[in-house]
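Given only the sequences and the hints, what does the whole structure look like? Please build it.
Just so you know, the sequences run in chain order A and B.
To convert, note that position 296 of the first sequence is 296 in this note's numbering; the numbers rise steadily by one, no gaps.
To convert, note that position 14 of the second sequence is 14 in this note's numbering; the numbers rise steadily by one, no gaps.
In short, the hints are calculated from the structure, not lab data.
Take the hints with a grain of salt, since some may be wrong.
Identical chains share a label here; the pair holds if one copy fits it or two copies do between them.
Distance condition first, Cα-Cα at most 27 Å in a straight line; then the derived DSS-like pairs of lysine-lysine [said to hold, decoys possible]:
| id | residue 1 | residue 2 |
| --- | --- | --- |
| 1 | K140 | K55 |
| 2 | K96 | K296 |
| 3 | K93 | K138 |
| 4 | K296 | K55 |
| 5 | K253 | K55 |
Protein chains: 2
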Amino acid sequence: MAVYTDVAVEDLEAFLADYDIGNLLSYKGIAEGVENTNFLLHTSSGYFILTLYEKRVATHDLPFFLGLMEHLHARGLNCPQPVRNRAGEALGKLAKRPAAMVTFLEGVWPRRPSVAHCAGVGAALAKLHLAGSDFPMKRKNALSVAGWSGLYQQASARADNVHRNLSGTIAAELAYCEKHWPENLPHGIIHADLFPDNVFFLGSELSGVIDFYFACTDTLAYDVAICLNAWCFETDHSFNVTKGRALLQGYEKVRPLSAQERAALPLLCRGAALRFLLTRLVDWLSVPAGALVRPKDPIEYYRKLRFHQAAASVRDYGIEE
Amino acid sequence: MAVYTDVAVEDLEAFLADYDIGNLLSYKGIAEGVENTNFLLHTSSGYFILTLYEKRVATHDLPFFLGLMEHLHARGLNCPQPVRNRAGEALGKLAKRPAAMVTFLEGVWPRRPSVAHCAGVGAALAKLHLAGSDFPMKRKNALSVAGWSGLYQQASARADNVHRNLSGTIAAELAYCEKHWPENLPHGIIHADLFPDNVFFLGSELSGVIDFYFACTDTLAYDVAICLNAWCFETDHSFNVTKGRALLQGYEKVRPLSAQERAALPLLCRGAALRFLLTRLVDWLSVPAGALVRPKDPIEYYRKLRFHQAAASVRDYGIEE
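Below is the structure:
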């Protein structure tokens, strides 16, 4: 699914000769991430993930992503640590592609997240926000409110083939979000894609956060809203308020939300649901007939959006106003 | 490319509860093998490969393959060792598929095999043949001489679209092999698919032989012929006699070939080239237009066949008659 580029051992050994990580013992292409080629490397000094960046990742953003991982790791977040070569570079070139190595993190991601997992991810997200507060680089969020109308235009003509009156629903929601979107809440580094497959656990203990390739500078509480969408709904699309409370309380033990952030949360959740509804819809409509890969269902996020539209306040997510 | 079936951590942990291999620390789907789903597992007691057998592997053959690996490993061959669960079973069930775990082998496979690699694979093949000599189970080789006419019939009508007069060339070669194929050479367990991607090295030392899913009972020297085809040609399809000599001498240090086996080697090499020409041709012709996966080039084996047809004796492969 995810290995696009084979790397000959002879080329890999030449690449590794610039690093201080011992001798190569084995490497396997792994099915992780959908945008890049990833290998799990074992050398005489440990385990590493080697990533070759395929064309969907903009090369000019790589110093931001690698710098951010290094910054967050140095501040104690359990995230991959980029490995620098002897010239001090974290970004190299292999098989004609930009390439970087990071340390390997143990742990498994939960397919059926529990309340304890939700508490863990809430706390980790808040730690990430605090650890990122003095990161000097910035990156605009292309998938925040200003980017949604462009996605809608790509999908609007055929949206109603996917679900009755989907185009009209999205148009109305888009207008609502654009009109009311809060601009003055605390900003900083957000992960922007902290779904269960990007969070590792050993038992109920969170052991690592990975995949910073959507990270950017945006409203911190919007990142909380993305997590509420990604972690706290059941497979029947019902919202589990116990999980919501666990996630929010886990977050607030590390970084309490302001009254303004709490008040904005239902709206931020609507926006987050709309963002994933739109990107999934565009992917869904771009898949050729008969393709083997089935994209993720956009209607899951349509149903989540319906929940958020009906929410009166942050109480509906499990905590007091 | 190779991961067909995702396994939820919750299901994997339930599966592992029947084994004595400690706690799960991580697992990654790996792009290895094209027939099955493979995961690299790390538990508190080590590293393992977990294989889910997809439909292309006949379930009734699995006890043969697993029993053979266990037998060969017990006799000192560097090959994966099946892990039995507490009930003594090597074959279980996971995600509705037959599933087995084997020990992980370090090493990397050479994309550009050297003379030293060829010597190593020759010796390992001979060790495999000796270690298999008292394995009690049998499995017919469906891809030996009796199976080739069936493959030819699938491909003959369109073979000339792939290469000028390919159908006629194959028909003549098939008739020749069927008429002259040696039936009285030493038989036993053969690997039958010992290509470079199935042999791991650490430096120039062979560290492991994997993928026994074509293993069967057949002429031992035919396995040598498969290896000469797979390891000793350069990318321009020229035969490298130094590599041939290294492979054959490596083999003979462990198991000397008889005069009859030596005499039959050019014919066995023709048959081995024909076998891979035929299976690759069938795959090539069965790929739909516009498919993303490009099958292996059958013409590579057509050119190898031409070399073998011109060979006068085993001297052309680098050793004395």
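These are the hints, each one checked on the structure:
1. When the C-alpha separation of K140 and K55 is checked against a cutoff of 27 Å, the pair qualifies only within one copy, where the shortest distance is 19 Å, while the shortest distance between copies is 47 Å.
2. In the homo-oligomer, the alpha carbons of K96 and K296 lie at most 27 Å apart only across protomers (23 Å), although the nearest pairing inside one protomer, at 31 Å, exceeds that limit.
3. For the homomeric pair K93 and K138, the shortest alpha-carbon distance inside one copy (24 Å) is at most 27 Å, but the shortest distance between copies (49 Å) is not.
4. Proximity of K296 to K55 under the C-alpha cut-off of 27 Å is found in both arrangements, the shortest distances being 21 Å within a copy and 25 Å between copies.
5. In this assembly of identical chains, K253 and K55 lie within 27 Å of each other by CA distance neither inside one copy nor across copies; the values are 40 Å within and 50 Å between.
The earlier numbered hint that this structure contradicts is number 5, and it is the only one.
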